[in-house]
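Enquirer: Work the whole structure out from these sequences, hints included.
There are 2 protein chains.
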Amino acid sequence: MKLEKPAEVLLMGPGPSPVHNRVLKAIGQHTIGHLDPDFLKIMNRAMDLLRFIFETKNQTTFPVSGTGSAGMEAALVNMLEPGDKVLIGVNGVFGQRMVDVASRCGAEVIEVNAEWGRPVDSGELEKKLAAHTDVKLVGIVHAETSTGAQQPLEPVVEAVHKYDALLLVDAVTSLGGLPVAVDRRDLDIVYSGNQKCLGAPPGLAPITFGRRAMQKFEQRKSKVQSWYLDLSFLTRYWGEERFYHHTAPINMIYALYEALAMIEEEGLEERFYRHRLNSGALVAGLKALGMKPVVEDQYRLPSLITVWIPENIEDAEVRSRLRTEHLIEIGGGLGPFKGKAWRIGLMGNGSQRENVERLLRALSDIFNQLGHRCSLEEALSEAASLYQQQE
Amino acid sequence: MKLEKPAEVLLMGPGPSPVHNRVLKAIGQHTIGHLDPDFLKIMNRAMDLLRFIFETKNQTTFPVSGTGSAGMEAALVNMLEPGDKVLIGVNGVFGQRMVDVASRCGAEVIEVNAEWGRPVDSGELEKKLAAHTDVKLVGIVHAETSTGAQQPLEPVVEAVHKYDALLLVDAVTSLGGLPVAVDRRDLDIVYSGNQKCLGAPPGLAPITFGRRAMQKFEQRKSKVQSWYLDLSFLTRYWGEERFYHHTAPINMIYALYEALAMIEEEGLEERFYRHRLNSGALVAGLKALGMKPVVEDQYRLPSLITVWIPENIEDAEVRSRLRTEHLIEIGGGLGPFKGKAWRIGLMGNGSQRENVERLLRALSDIFNQLGHRCSLEEALSEAASLYQQQE
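Order-wise, the sequence lines are chains A and B. Residues 963 to 1353, numbered by our numbering, are exactly what the first sequence covers, in order. Residues 963 to 1353, numbered by our numbering, are exactly what the second sequence covers, in order.
A hint or two may mislead.
Note that the list lumps identical chains together, so a pair holds whenever it fits in one copy or between two copies.
Here are the simulated lysine-lysine pairs, DSBU-like style, with alpha carbons at most 35 Å apart [stated by the list, open to error]: (1) 1249 to 1089; (2) 1302 to 1003; (3) 1047 to 1183; (4) 1183 to 1124; (5) 1300 to 1183; (6) 1300 to 1185; (7) 964 to 1019; (8) 1089 to 1185; (9) 964 to 987; (10) 1019 to 967; (11) 1183 to 1098; (12) 1300 to 1003; (13) 1302 to 1185; (14) 1185 to 1098.
These aren't lab readings, by the way, just hints derived from the structure by calculation.
Expert: Next comes the structure, spelled out in structure tokens:
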């Protein structure tokens, strides 16, 4: 039985984001050998494009052959050895995941907790660093996909480097949608995922390691516990030597390449601006429909909006009707937000005015049918006013 | 700069194998959500198809979100705990790799070595099991991609189960090209890769765990060292619960699905026969061109043929001319075979009479130009006689 054509669902959840036809065309190109001279050129160019988007000169910048979580694991298994002390900011699912992965590396994990939907307090983080001056690495989530909160990075960088620790940043839902700026901010290790603001299908985890991180890596006393993610092999495979390690996922790299080339064509500033503009308009429209954003303005991600579900409206029913009647996917809440909040993505190619308006139309339609009175006209006009301001 | 159309190279190396247009069309389909009801159906059907091809009823049968080596790592990190004793058959690169991965799990590794190009001796393996009755797991490579040797599995299974150990089988270059027959042979854990006899692009590692393996897994005292590959999460993600773990590589799974559907349409027996027939014809033709196979007849893989490079013929020059003048990729030798042998794949969709003849033509052409006299006519007629015998 042949694969049936998947439904043309508009992806406005927490990822994957909508994949552009150009990227889908690229992924379906003829598969060539992973050591073919043409493929080596594609690898080189993909690394250059990743450096452009990470805004870094780091040599060690490449896509890990796994999804975003494999990027997290690649960062931690290479940096940590049993007994190392790490400090991790936890204000959502992905901070919790970092704690779990780090403890599986045999590290001693200290947490800095914050309320879901709020950033981690850099003052509190600094206090913990002062109390544990032997912390090797601090992990923080730049864009919490479970809450829609953005972490201000500058004060964290300052605190971490004051205590000579490494800073690991999860940029899964930020890279390509808002500035990550690895070199300007002096971040040591940053990983992301294909399927959010980069606009490629899921399956690769771009990662970058700076000079300080590579020095620490070279001082390791024990072997990396993962053979598949061992940086000493991966740097030789992605480096000039082209030392065979594993067979790179050829067609996935075609897709990543094309998605990155589209970002280069658009320009980073233009792309960040587009993400800000559309998320602003969406929030204005959602408010007009009677919804309240979870995250306050200054910490709200432009790539992922969380809103409280209106009272007397049932989470599952609305999402199911969005999917079946309007062919739109949005995400449900996780953890304490389950059944209480929705997660709406405006990532990469998905961050478009027409998508903002299509979702507002669909939600207003369903809300009114469910007896939650609201005005579509008002919502569209609130959104439009944002677009007009920016023109 | 847009991705340039990759050259239409015919892949006759040790993998990736040629990907059929139907599969390339499938991978380029619209990306839907990883928890979309339509995608869940695709996941279920992909698992059913994998069970068909592994010839197993094992519930725990799914593709790992990484390449073949991630499948090896998934098997070992889930089965092993620090201090466990494992026995590994080593007669090529992939046996060596298993030793490395197992030792990174903290296991005590005992090797049973064999000459490259020869199978591991099951008598010797049994002797080592008798000397170390507390071995938990035995790892063996069914199809050594570095040598082209096939391991007879039945005597190994018998020895391993006599000593109550688990049998882990690397079927990367056999699954879909020759019988793996998990249930009939009573294999405990088997993994493979997308990009060999299954005919999909690289990026996924199908794996299956039997009852005995799952029982051992449930008796673990320590956490699995890899979060990404932890079977307790993966079984809940691929199982009925659909518990969110990582974002599955949607489009890669479209490709795997379609490649597996094509295998089902062809039929396993027909497919295995096709692999035997074409490899027989290729070997006959190569012999007529003056080349000697590395592996003796009874242990030769039908999916990967290794041949000694004729004297006075330079490895790199021939492979480079094959690639540039004839658009054919074959593989060089690894380890002790480097510069001495070629690895020629006839895998999946690549195992076709026209490919056999195209390669014989190209090699004969290059050989004659290099002063190594040989008759193309004779080579083609030797190959043809194999096809006639079978008609």
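Enquirer: Next step is simple, just say for each hint if it's right about the structure.
Expert: Each hint, compared with the structure:
1. Taking the shortest alpha-carbon separations for residue 1249 and residue 1089, neither the intra-copy value of 38 Å nor the inter-copy value of 74 Å comes in at or below 35 Å.
2. Taking the shortest Cα distances, residue 1302 and residue 1003 sit within 35 Å of each other only across copies (28 Å), while inside one copy they are farther apart (48 Å).
3. Taking the shortest alpha-carbon separations for residue 1047 and residue 1183, both the intra-copy value of 15 Å and the inter-copy value of 23 Å come in at or below 35 Å.
4. Taking the shortest alpha-carbon separations for residue 1183 and residue 1124, only the intra-copy value of 25 Å comes in at or below 35 Å, while the best inter-copy value is 39 Å.
5. Proximity of residue 1300 to residue 1183 under the C-alpha cut-off of 35 Å is restricted to the inter-copy arrangement: shortest distance 32 Å between copies versus 43 Å within a copy.
6. For the identical chains of this complex, residue 1300 and residue 1185 are inter-copy neighbours only, at 27 Å across copies versus 40 Å inside a copy, given an alpha-carbon limit of 35 Å.
7. Proximity of residue 964 to residue 1019 under the C-alpha cut-off of 35 Å is restricted to the inter-copy arrangement: shortest distance 22 Å between copies versus 45 Å within a copy.
8. Both within a single protomer and between protomers do residue 1089 and residue 1185 lie at most 35 Å apart by alpha-carbon distance, with minima of 32 Å and 31 Å respectively.
9. For the homomeric pair residue 964 and residue 987, the shortest alpha-carbon distances inside one copy (20 Å) and between copies (11 Å) are both at most 35 Å.
10. Taking CA atoms no more than 35 Å apart as the test, residue 1019 paired with residue 967 passes between copies only; the shortest distance there is 28 Å, against 41 Å inside one copy.
11. Proximity of residue 1183 and residue 1098 under a CA criterion of 35 Å is satisfied in both settings, with 14 Å inside one chain copy and 28 Å between copies.
12. Proximity of residue 1300 to residue 1003 under the C-alpha cut-off of 35 Å is restricted to the inter-copy arrangement: shortest distance 24 Å between copies versus 45 Å within a copy.
13. Taking identical chains as interchangeable, the C-alpha atoms of residue 1302 and residue 1185 lie at most 35 Å apart only when they sit on different chains, with a minimum of 32 Å there against 44 Å within one chain.
14. For the identical chains of this complex, residue 1185 and residue 1098 are neighbours both inside a copy (17 Å) and across copies (23 Å), given an alpha-carbon limit of 35 Å.
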